[in-house]
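First to last, the protein sequences are chains A and B. The numbering used here puts the first residue of the first sequence at 1, with every later residue one more than the last. The numbering used here puts the first residue of the second sequence at 1, with every later residue one more than the last.
Note that these hints are calculated values from the structure, not bench results. All figures in this text were calculated on a predicted structure; none of them were measured in a lab.
A few chain B residues facing chain A, derived, Cβ under 8 Å: (1) Asp42; (2) Leu52; (3) Leu53; (4) Gly60; (5) Asn210; (6) Ser314.
As a list, the in silico DSBU-like pairs of lysine-lysine whose alpha-carbon atoms are at most 35 Å apart: (7) A:Lys89 to B:Lys317; (8) A:Lys166 to B:Lys646; (9) A:Lys139 to B:Lys491; (10) B:Lys33 to B:Lys646; (11) A:Lys80 to B:Lys209.
Just so you have them, the derived chain B footprint on chain A, three or more residues with Cβ under 8 Å: (12) 24-31; (13) 62-69.
By construction, the Cβ of each residue, glycine as well, lies at the ideal position given by its N, Cα and C atoms.
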Amino acid sequence: MKKILFFGLLLFLVQINATAQNEKFKALFMYNFTKYLEWPEGDRQGDFIITIVGNSPIIDELQIISQKKKVGFQPIVVKKATEPGQISKSHIIFITEQKSSYIDDIKGRFSATSTVIITDKPGSISKGAGINYVVQGGKQLFEICEENLREHNVKVGSDLLSLGIKK
Amino acid sequence: MKLKYIILFLSVILFTTNNVLSQESKDYSSMTKEEVLQMSYDDLLNLPFEDLLMLADIVGVSADELLEMILNMEVSTASKKAESVFDSPLSTTVITQEEIMNSGANSIPEALRLSPGLIVREKTNGVYDVHIRGNDNVPPGNFSHFAENSMTLVMIDNRIVYNYINGGTFWESLPIGLTDIERIDIIRGPSSALYGPNAVSGVINIITKNPEDKEFNAEIDMRHANYNTLIAEVGFDGGIGDDFRYRISGNYEVRDRYQQDYYSYASGDYVDKDEIMSVFGYPYASGNRGTLPTPELAIDQKGANAFLMYDINSKAKLQLNTGIQESTAQTIFFENLATPFANRYSNTSYADLSADAYGFHAQVSYMGGEQDLSVGMNKPVIHYDMSTINANIEYLYTIDDFLGIRPGINYQVATYDDSYYVNKAKEEDPTREGLLNGKKSLSVFGGSIRADYTQIDNLRIIAALRLDKYDKPDDLYLSYQFVGSYKLSDKHLVRAVYSRANRSAFIGNVYADFQNPLATAQSANDPMLNTLISLGALDPNQPLYYQYYIGNENLKLLTMDMVEFGHRWKISNNLQTDIELFYTQTRDFDALLPTSLDTEYINLGNLMGTGDVLIPVQHERRTYENIDVVSKQMGASFSINYMPTKKILLKTFGTYQKTNLKDYMSDENDPANLTDVEHKWTPTFYGGLSMNYNFTENWFLYANLYYMGEQVYNRYESPYGENGEDIIGEKGILNVKLSYQFMNNSSIYVSARNITNNEVNEFGFADQVGGLYMFGIHFNL
Chain A
1 MKKILFFGLL
11 LFLVQINATA
21 QNEKFKALFM
31 YNFTKYLEWP
41 EGDRQGDFII
51 TIVGNSPIID
61 ELQIISQKKK
71 VGFQPIVVKK
81 ATEPGQISKS
91 HIIFITEQKS
101 SYIDDIKGRF
111 SATSTVIITD
121 KPGSISKGAG
131 INYVVQGGKQ
141 LFEICEENLR
151 EHNVKVGSDL
161 LSLGIKK
Chain B
1 MKLKYIILFL
11 SVILFTTNNV
21 LSQESKDYSS
31 MTKEEVLQMS
41 YDDLLNLPFE
51 DLLMLADIVG
61 VSADELLEMI
71 LNMEVSTASK
81 KAESVFDSPL
91 STTVITQEEI
101 MNSGANSIPE
111 ALRLSPGLIV
121 REKTNGVYDV
131 HIRGNDNVPP
141 GNFSHFAENS
151 MTLVMIDNRI
161 VYNYINGGTF
171 WESLPIGLTD
181 IERIDIIRGP
191 SSALYGPNAV
201 SGVINIITKN
211 PEDKEFNAEI
221 DMRHANYNTL
231 IAEVGFDGGI
241 GDDFRYRISG
251 NYEVRDRYQQ
261 DYYSYASGDY
271 VDKDEIMSVF
281 GYPYASGNRG
291 TLPTPELAID
301 QKGANAFLMY
311 DINSKAKLQL
321 NTGIQESTAQ
331 TIFFENLATP
341 FANRYSNTSY
351 ADLSADAYGF
361 HAQVSYMGGE
371 QDLSVGMNKP
381 VIHYDMSTIN
391 ANIEYLYTID
401 DFLGIRPGIN
411 YQVATYDDSY
421 YVNKAKEEDP
431 TREGLLNGKK
441 SLSVFGGSIR
451 ADYTQIDNLR
461 IIAALRLDKY
471 DKPDDLYLSY
481 QFVGSYKLSD
491 KHLVRAVYSR
501 ANRSAFIGNV
511 YADFQNPLAT
521 AQSANDPMLN
531 TLISLGALDP
541 NQPLYYQYYI
551 GNENLKLLTM
561 DMVEFGHRWK
571 ISNNLQTDIE
581 LFYTQTRDFD
591 ALLPTSLDTE
601 YINLGNLMGT
611 GDVLIPVQHE
621 RRTYENIDVV
631 SKQMGASFSI
641 NYMPTKKILL
651 KTFGTYQKTN
661 LKDYMSDEND
671 PANLTDVEHK
681 WTPTFYGGLS
691 MNYNFTENWF
701 LYANLYYMGE
711 QVYNRYESPY
721 GENGEDIIGE
731 KGILNVKLSY
741 QFMNNSSIYV
751 SARNITNNEV
761 NEFGFADQVG
771 GLYMFGIHFN
781 L
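Modelling step: build the complete structure from the supplied sequences, incorporating the hints.
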């Protein structure tokens, strides 16, 4: 009887397709972060470089944004890397969840540069990320740590701190 | 004319301004998800961040992404680095803290009922035995502790927590509570090469919380139910400075049994304590005798832990976990010939230091304390001090990100000493006997190497070898694991595993040294007394009878070989399946077998003050011996996870398996007569079904069903003819929890375990498990 119950459940299974939209909002969030973050004077010229570590649909979303917007007067350039050794100097490094184990390495390599490390895995703030995407109650939110951002010589406005989950 | 243009100009300005103002003040909160999704990139890019956040709220996280997050948690399995469960090449399940708390599980073993491939039997209220895929009670018809699982590597944060007396896990003696747990990783199948000795049927690794916040957090959980069940846990965590984090926790649990009577072998039914007769015919639990001091008690345990984490720099970190526990559980573990029940006591402490630095991972852990496996038992006294030390170090060498090689070495030593307790018992009563009668130890030194190769797209190959040098037996054992997985697409993963794993030797099997004077049924009416002293009970026409349980230092170690194939399939964005097919062969089981029967004559004439009185004394030696039986098991597990909406998560899983015993010796007096039988103690089908429904913002409903098919338990039957077989019918256990979240992560709840009060016992001759109806509160401050 119980076996019938287990298999019977399957008969009720209906496929519902949902479209992933989170990466779009993460990209939009990332663009908005740049409005509230202040890089040192020397980093406010030339291209504004965002490097994505790992494969993620967020790359396509950022490419769209880069064609429509600039950070101040700086054109946005989106780069892709699969491992820390491939990353050049960047204003933002986004580490995908799959590559989150690289955070220690990346933090070490870019400890002296004005780089904002953004992650997508719970617990990454304690490992040095400045901003970390989290999902709470089915909502896309972000954690932000002023201390970690300042370590990389990037100032953050109080408005952004109040919009995120302060760590 | 000019006025007209001025009015027109002002009108345009006013209209434009009004239009802009109306745009700026647009109430985004009233937009539907569909409206938001139709907004263009340009619109979204021009919004203030506050409004964008609001729109993100409306859209939420899609069901497929939620499913991905919920189902494909990260786990550290074959590669020993974090990877998604979907990508794991081994049979893997992760039970998260959230799932444990949602489900209403009241203990770690109960939480394990949420995983496929696990057989979880409740013996008394809150006291469990847990098996991965069975192979339990082999050989059937042996002593009861052979029915406990001794083939699974159970760890907390990679620290071994099974006992070395027989390899089983005393779940009630684990020092941590449910709120300490971050997740439980379960690996099914032989995995010694990756994890170390005793990972024969699999691995259960309980990962504790790693506090991420530097801010102070407090967590309190209290539950109360019938049968005087009270479970309380408290934990605090936070950080000091930039680099130091901590968690301090404590837990307390007390439960009464579902009944106060006991199964009595002599009468074959459940009777009050004072009515229990031993198979020899004497009252078992009268006066101070016997092992049943507290008929009502099921479990009484408490524990305290400290988890300390220090980040030396970005590439080096230290973690020290330490804690203490004290527990008493009334359970079925060690044999006596009156009733299967006894109290099991444990009072231990541990320290576990681990370090990760520059590619190295090192861990040293210690556990020590006092345990009494059968409190009050006259013979044997199984009361000892124990200590175990485990140390290992590994280094990860990566070549161009596609080949990871991880060499490692490992050392384990376990020391058990019952001298103090046996001597003390003998001082009080010279007829008592110990099991070990001294200080005994076992050690193993091992080396391992693992390679994880991912250069070819979508193909992953893992090879792991491990060589262990045991001191008992004085021999080398090679275990291995070859694993391959191939991603046909993002939605399909096929995998195959071929592995061999062995169990280590244990103190009981190697060093048992129990001398048991039983007299005879005819000549002694009280065999709990030493008959050599009870001269009046002697009869020259009846031999005295001594039984010895003797260990064996040369036992070959139990070994399992497995071939497994698996397929994971993301059928749609919200539906995922996982199927595993396995075939195992397990050999070199051991059992206590009669190995010699000698008769000697002693002259008691001087003691009796008469002429020569020759008394025959029979000495029967039962020794741990390897037996010919080979367990052949074939089975399949499935799990299906479905998220029809973001508010409902449905999971179902089951395992169908057949276990046959080849060359089983059904009669120890006829060892040449070997037969092939179907092993019925492992149920043919077992599984579960769960629904997690978040029907409003604050209300949560969780219902789950756990099912086990019919089982037949067989234990040792003495010459006195008691019944040793317990046929346990199929059982479905339905649990329901309803909770209301009244503030951030704090909730009150009611929870019913076994809501239908299905009283079928789940373990041979154990309690008839009843319903538990609970009220609880969980605070996060």
